[in-house]
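These two chains come separately, so use the hints to put the complex back together.
Residue numbers (this note's numbering), protein chains in the order written: chain P, 1 to 365; chain X, 1 to 550.
Keep in mind the hints are simulated off the structure, nothing from the lab.
No experiment lies behind these values; they were computed from the predicted model shown.
Heads up, a few of these hints could be off.
As the list claims (entries may be wrong) - Take a look, some chain P residues computed to stay more than 10 Å from chain X by CB distance:
id	residue
1	S58
2	H74
3	Y99
4	E128
5	L135
6	A329
Stated by the list, open to error - What follows is a set of in silico ranges between Cβ atoms, one per label pair, in the way DEER data are often shown:
id	chain 1	residue 1	chain 2	residue 2	range
7	P	V223	X	W185	43 to 49 Å
8	P	N306	X	A450	44 to 50 Å
9	X	L469	P	F200	50 to 56 Å
Claimed, not checked - Stretches of chain X that chain P covers, calculated by requiring three or more beta carbons in the stretch to come under 8 Å of a beta carbon on chain P:
id	region
10	173-180
11	189-198
Here a beta-carbon is modelled for each residue, glycine too, at the ideal position from N, C-alpha and C.
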Amino acid sequence: MAYLEVQDLWKSFGGTGAVLRGLGFTQERGEILCLLGASGCGKTTVLHILAGLMQAESGRVRLGGRDQDGIPVHARRIGYVFQDHVLFPHLSVRRNVEYGLRMLKWPARQRGRRVHEMLELVDLAGYEERPVRGLSGGESQRVALARSLAPAPDLLLLDEPLSSVDQRLRGDLVAELRSVLEAQSITAVYVTHDLEEAYFMGDRVAFLHDGRVNRIDAPSALVANPVTVACARYLGMGNIFALDTSVGRRLREWAISSADSGLDRFGIGTTHLLIRPQTELRTGHRDGGQGLRCRGKVAALRPKVNEVQVELALSQPDLEGTTIRLDLARTGISRELQTDLEASVAGSAAGPWTLDANCVAWLTE
Amino acid sequence: MNGRLRVLVWALPPFIFLGAFYFLPLVRILVTALGPDRLVGGGQAVLPDWRSLAAVLGFTTWQALVSTAASLVAGLPLAWWLRDHGSRLRSVARLLLTVPFVMPVVVTASAFVALMGPSGLLNRWLMGWFDLSAPPIQLMHTFGIIILAHVFYNTSVVVRVVSGFWSQQDRRLAAAAGTLGATAWRTLVTVEAPLVLPAVVSSGLLVFLFCFSSFGVVLILGGLRFSTLEVAIYRQAVSYFNLPAAAVLALVQLAVTFTAMSLYTRLQRRHAVPQQVESTERLADGGPRTRGHWIRDGLGTAAALILVSPLAALTVQSFSVGTSEWSLVNYAGLLQGRADSAFLASPVEAVGNSVRNALATMVVSLVLGTGMAYTLFLMPGRAGRWLDPVFLLPLGTSAVTLGLGYIISMGPLRTSSLLVPAAHALIASPFVLRVILPALRRLQPGLRQASAVLGATSRQTWWRVELPLLLPACAVASVFAFAVSMGEFGAALLIARPEHPTMPLMIFGLLGRPGLANLGQAQALSVVLMAVTGASMFALDRLPVAIREF
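So that you can see chain X by itself, here it is in the shape it has in the complex (with noise of 0.2 Å):
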């Protein structure tokens, strides 16, 4: 088989996929917001006025710059005290921090109803301790605890990315400043922050782009009084069934996270080696311990903690029933099938869907993914670059904008089963080339060699040397591809239907019913996600792949 005929056989699957999943209904997307056709609906479809489409935008915007800000204020001290790796106590926050960033939204939201909701936890204690008749705290449904859900999530995305790049920072610029007669605080001013400033920019970045995009918070915690871009692309297509309005909303959000995207990319590579970190010799942290450092240590730890207490919150919510007493009525009541005749299937059904779903995805994606990462190692020069950033162009796209993209695209594949796995498979394929990519290239080119020397085709050489040599990362990319599908929740609210809802569809159901009893059940089924997702990235923690951080 000769060069380019490889080429094409890897390329192809990727290709069919992304074209049909992917471009089909972004295009679609665009002629339904620009096109002649507009009135699909049936009827005169009301396209949003210039005032309303200003007013979500501008509230998009606002809400994750103050988020962007506030995560930046909590994470960046943070990311200080974890810049040097040491004492036991660091590490144990280095964990807890990332808890945050990998559990699914809906996990999050009711993880903040269990904390700060009018039955939670810290009502339920602030009642009983000042024998209040009314739950103090009333942060459901404002502005407060979106902020406070989008700083949960993205302390960690700052601290992760600042920490890391401080670390690398070699420790004896600080001391050469120390010599030459600075204090502690002008080092960090002169010398320690203008070097982690490229990494504090393309954090602050990426958080932007993440709470501008955000749907699941905003939809659940707000409630109806607020609306980002997302939420109202959400509620145009299926409240009102206005999909031209929600196209217009569509592309406005496509246009502003490709934008950010491209601005973080570029970031990304200037400031990709930026400083030597070829000493072998780090300055040790000679110094005794001072009561500094333990105050240090203790208010990083307590802040972690603070970060993590609404999962603790949860848990703890999920064992208890009405008043403080341990119970598993909650888990029970999944058991017993449907829990309110407003559903359409049992939670039972919806884990099995779940998992069914994300084993779909697995399979899908580590073709997908293994197809463009053979595509981009075997594509010559220019061609590859310039492939790099479409196969990443998923990444890009908010969920919702890709399931408003399948309802207005796949005309009667709209009802099948299989089309949220091909969402979670579109979504979860970037991360599986780019966990895949650098495995194939470190692969030795001689062994390849001496496979055909010895006798062996192309295709044995395949299936014998290459495959089994790039099994740990296909296991890791599976891993991630599977958690990834497990907590979607954008993509499968709009396209699943509602005799298949998935584990974060039921949670989001549950969370909308009244009743104590649907809510206890919710955040059951959020502890069983939430176990799911931490044992996935436990599990990828203990393989030894390499996952390159986004």
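Chain P on its own, in the form it takes in the complex (with noise of 0.2 Å):
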């Protein structure tokens, strides 16, 4: 049995629609999971509802084997890290660490040892008697990091704590953050929008769309794999093709002609053709070269800081008139398809281009 199990939250407000529609996932112990998704899409929600902010109208919360159900959210054990910290204005850094172990009763010499053990985990030594209004964004995400791990939760939950936190920082905090939960060997949720800080932060993604966890897993997986539509959408990858239209047939009709193309990955219910953006791109045809050759005309060549991007609009009998955008790593591209790349923009020829096979991938809706 998993640690925590979420089953089948269903959740609305007010009169629209649902925001949770039978979310639902499993997590280790000690595992940190991202849910990572558009904002509106419900990922506060979820956690209001595993701290017990807030009541789903129907499903299950299971941590350790028992129901959260009825428990209110005092008794729950659960850290929770709110976006912009939410420190308590009127108490000092170390009031504001030792509040959870007062809670608990605490006595006051141990209290003031785990305090300090906490301040030092997130690098605040000395910081016990400041006032919490004068600190910075990052002095503040980390008091209320210690805050909510002084009295060792089950379960941690952070809500975006570093959307308040400078650009230039975040890179830094997340690499601090996730050293420090490591440390705890902590089971936390991690709610994101920022598909870099998921990538860093999870050991496991789950990507939610429509009130569901639409896919989960490790982050390099789903990147190299989006496998649903949403998903691919949200990864920012173009060239999405129902199949259930002509060019969509047609497109498919020509990437099952390459040999190695992906089509052991084409199942039941898949409904789209994805060419994923970051592919390599070669002239010409060779005989008994790998990949998937077209022909085309170059509509567009956009200059980009590490790419290029290339707007290929295929021009062979049965594509014709269907357009790609394809990512070209700059250091990938060779004098010859710079120079060929450059007359078709300039010339009206479309010439003969071959497309890495593995550049296909099959979505399911």
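Spelled out as structure tokens, the structure:
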């Protein structure tokens, strides 16, 4: 049995449809799970329900085998790091951190030791007597973390804890946060809308869409193979074609025509075809070479910082009028390809191209 | 016109007015109290001896403290309940709770008479139910009824100030305490209460200030047995015409109220922005409605209803004569001319006087307040900051003191019927200033520049651009000034001529006369005044300009 089991949560606010529509996931002890999703998709609602700050209409939450229904917030032993921290403004750093320990009626001596230990953990030793009003965003965030970790909660919930921190500091803080959580071997649910944060924080990432967990996997697997249309869109991948259109059908035939085009992953329920933007493009059709052959004219060439965006308007008979966008790594572009691309933009000739066969992926709705 | 001259043009009218109708009377009070010419009254004036002065001061302070404590006890649970917007019941209760605060003091007084007077609603009911021969509730002219009336008034002050502040509090602070293991009760004690403490203290201070300067309630409901400083000033000035004694009392009154006022403003400034409320997503009241919610909502609504019950009783009583039948006799009586030979004017004339005064007050206070607002707006830096509290001084001066000042200082003008609107305009001008100044500060500076670039002189710009944009604020300020003048009692009582009474004075007079007919008419006239005040406040609520509360 998993440490945290969330089953079939339903929740709606007022008249505006359900925010959660049967959401569920499981989590092992010591694992950090990221809930990733667009704003308004119900990420924070999930945390509120887990903490007991809100009641789900139906569904079940079990933590360590114990049904959480009916246990009031204060008795749940759950840590919660709020968006923009929510430190108690009338208390010092020390009083903030020891607040939970006072609720557990720890004696003063032990409280002091624990506060010191926690502040050392978040690298704020010596900040004990400071008022929280003067702290910077990063410092407040670390105090909030220390405060929620001090009573050694069974589960730590973090709600976009870095959203109010300066963008430049965020990278460092993600790494720092991750190492603190690992050092405490804590089980954590981390909510974010930022793909990079999710990628570096989570042991696994659950992508939330339409009130459900749309996709849950290790971060690298999620990026490598989005599997669902919604997830691929959220990861910023274009070139998604529905298979029930004529273009889609012809694209499928074209993709299947090449041997190594991921056809093995084409299974039941597949509805869309994705051509990953980050791929390789070669010039000409070489005999015996692997890959997807196509003809087309380069409609536009847009240089970006690390890559070049190529807009390829296909012109082979059965795919005429289909445009795909590719993000080619700058360093990967050979002189030959460069020349051909530029020639294709300038002239009207539709050159022969070969796309890497791995760029095709199959998606489900 | 250069900048300095413009400030002068705007500043001149308020300064002349304040000088003549505020500072001059105050200085004359000072001179009368302390100066050599104490024998103004013609004969040997009897100054209050220390003993009786201490007794009056002691009682004033004591009743203010008790009233403040009682208002806090009544108001804090309601504020706690109203801190979250939410159910429909709560918004109804919130609306009910604003009503007492805006009611004129004579309306409150006659409402309490209507509820618990010897022939009041409660006594009528109780005598009917239990077949009693004498009214069982004998609260008139007791300490209790003074405190009750003060609680009626000031509970809404406590509720508004505290719940307004409380609702700004980030609900996630309580949620954070909850996740850290604090029960609802401990969260209230360790997190929520400490954070609203500044609001509790400042509302308490405000209530103390109001109760310390309480005049109408003590005079009408307390009878001859009780005397606050205000009532003592009035009695010395009007009953004994002992102006030096009245002046000494007024000086004490001024000293105490200014101290409390400055404490209050200092507190306000220090706690102006205590918590960050930037979070876009407040914690929704997500839990299902339990039985606790219903009980709380029920109790809260009941409390709000009890609080406004005197006003309901007043309305009921105004429509009944003697026994419990419904009739319009009281209202018809108002139209029949003088009820009693003791009055020099009829109720209809009183209504006319009040409306005339209120309209004059509206005009004068609008000119004054706008002048003050522009002076503060154009005055650079330090001088402006120093002037702001000067313009607010009339707020901290009791109406009775002001009236006394006019009696002493106005010489031949004392009999002028313009004196009442002048006093009312002075009392209303800080409110007008507080409405117009924010509106003025919100005007985009680019508008003036754009108008100037298009060839308009500064006067044309004011007429064609600024004034139209300030009109909504002016409308709000006018309604406010109108309502203040309609309900004002203390100053009018000292300076209005007996042949030109205002509505509150007429009500006061009718309440003081024996006989149920007089009482009935007093209550009918009170209902009219209540309706006018209620309608103005309702209009204010609809106008799209924020009013800064005090």
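Going through the hints against the structure:
1. Even its closest Cβ contact with chain X, about 12 Å, leaves S58 of chain P beyond 10 Å, as expected for a residue assigned away from the interface.
2. Chain X draws H74 of chain P into its interface by the beta-carbon criterion, the shortest separation being 5 Å against a cut-off of 10 Å.
3. The beta carbon of Y99 of chain P is not kept farther than 10 Å from every beta carbon of chain X, the shortest such distance being approximately 5 Å.
4. At roughly 18 Å, the least C-beta separation between E128 of chain P and chain X is larger than 10 Å, which holds for a residue marked as non-interface.
5. In this structure L135 of chain P is separated from chain X by more than 10 Å, as the shortest Cβ-Cβ distance comes to about 12 Å.
6. With a minimum CB-CB distance of about 38 Å to chain X, A329 of chain P clears the 10 Å threshold, and the non-interface call stands.
7. Checking the proposed 43 to 49 Å range against V223 of chain P and W185 of chain X shows it holds: the Cβ atoms sit about 48 Å from each other.
8. Here the CB-CB span from N306 of chain P to A450 of chain X is close to 46 Å, well matched to the stated 44 to 50 Å.
9. At about 52 Å, the CB distance of L469 of chain X to F200 of chain P agrees with the hint of 50 to 56 Å.
10. Under a criterion of three residues with beta carbons nearer than 8 Å to beta carbons of chain P, the stated coverage of the region 173-180 of chain X is upheld, 7 such residues being counted.
11. Interface restraint, the region 189-198 of chain X with chain P: holds (4 residues with C-beta to C-beta distance below 8 Å; minimum three).
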